[in-house]
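FYI, the numbering for the sequence shown is -13 to 67, going by my numbering.
Careful, some of the hints might be misleading.
[Stated by the list, open to error] Okay, the calculated beta carbon distance ranges per label pair: (1) 37 / 5: 25 to 35 Å; (2) 54 / 1: 12 to 22 Å; (3) 66 / -1: 15 to 25 Å; (4) 4 / 67: 29 to 39 Å; (5) 34 / 14: 12 to 22 Å; (6) 34 / 54: 10 to 20 Å; (7) 7 / 44: 15 to 25 Å; (8) 40 / 5: 29 to 39 Å; (9) 62 / -2: 27 to 37 Å; (10) 31 / 66: 31 to 41 Å; (11) 4 / 41: 30 to 40 Å; (12) 26 / -6: 15 to 25 Å; (13) 41 / -8: 33 to 43 Å.
[To be verified] Within a straight-line C-alpha distance of at most 20 Å, the following computed EDC-like cross-link-like pairs (lysine to aspartate or glutamate) qualify: (14) 22 / 4; (15) -12 / 53; (16) 29 / 67; (17) 29 / 54; (18) 50 / 67; (19) 7 / -9; (20) -12 / 46; (21) 37 / 49.
The set of hints was computed from the structure by calculation and includes no laboratory data. Computed from a predicted model, the values in this text were never measured in an experiment. Positions of the beta carbon are idealized from the N, C-alpha and C atoms, including for glycine.
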Amino acid sequence: MKLKDGLIYREEDSVIFDTEKGKLIELNESANEIIKRLNNKTKRQIIEELKCLYPDSLEEEIEKFFEEFISDARKEGIIYE
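My request is simple: use the sequences and hints to build the entire structure.
Put into structure tokens, the structure is as follows:
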């Protein structure tokens, strides 16, 4: 999975700017952690790293959040395979 071309991602501000749509997308902390790992990690690697970042969360909760976020991001057109 990768961010769509034409997007400007600012990790430190937790935002993505879609230059085509003129839209600013604000990310929560967990979504930001996913986005910054997309270009060079597999789904399993990202989930394992999120488990380390959020040790008090159940693996099922992390996987559910990941799947929901990826689904929403695809619908928004900000990521692709």
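Each hint, compared with the structure:
The hinted window of 25 to 35 Å between residue 37 and residue 5 holds, with their beta carbons roughly 34 Å apart. A C-beta distance of roughly 19 Å is found between residue 54 and residue 1, which places it inside the suggested range of 12 to 22 Å. Here the CB-CB span from residue 66 to residue -1 is close to 23 Å, well matched to the stated 15 to 25 Å. The hinted range of 29 to 39 Å is not satisfied by residue 4 and residue 67, whose Cβ atoms lie roughly 18 Å apart.
Between residue 34 and residue 14 the CB atoms are about 20 Å apart, so this pair conforms to the stated range of 12 to 22 Å. Judged by the Cβ atoms, the range 10 to 20 Å given for residue 34 and residue 54 holds: they are separated by roughly 18 Å. For the pair residue 7 and residue 44, the supplied restraint of 15 to 25 Å is violated, since their beta-carbon distance comes to about 35 Å. Taking the beta carbon of each, residue 40 and residue 5 are about 31 Å apart, inside 29 to 39 Å as hinted.
Judged by the Cβ atoms, the range 27 to 37 Å given for residue 62 and residue -2 is violated: they are separated by roughly 21 Å. Between residue 31 and residue 66, the C-beta spacing of about 19 Å breaks the proposed range 31 to 41 Å. At about 33 Å, the CB distance of residue 4 to residue 41 agrees with the hint of 30 to 40 Å. For the pair residue 26 and residue -6, the beta carbons lie near 18 Å from each other, so the given range of 15 to 25 Å is met.
The hint said 33 to 43 Å for the Cβ distance between residue 41 and residue -8, and at roughly 36 Å that hint holds. For the given pair, residue 22 sits about 16 Å from residue 4 by alpha-carbon distance, which is consistent with the 20 Å threshold. The hinted pair formed by residue -12 and residue 53 meets the criterion: a straight-line CA distance of about 15 Å does not exceed 20 Å. Restraint check for residue 29 and residue 67: satisfied, since their Cα atoms lie roughly 11 Å apart, inside the 20 Å limit.
Proximity of residue 29 to residue 54 is assessed by CA-CA distance (about 13 Å); at most 20 Å being required, the pair is judged to hold. For the hint linking residue 50 to residue 67, the alpha-carbon distance of about 19 Å falls within 20 Å, and the restraint holds. Restraint check for residue 7 and residue -9: the C-alpha separation of about 13 Å stays at or below 20 Å, so the hint holds. Taking the CA atoms of residue -12 and residue 46, the gap is near 23 Å; set against the 20 Å cutoff, the hint is violated.
A hinted pair counts as satisfied when its Cα atoms are at most 20 Å apart, and residue 37 with residue 49 qualifies at roughly 9 Å.
Violated hints for the displayed structure, listed by number in ascending order: 4, 7, 9, 10, 20.
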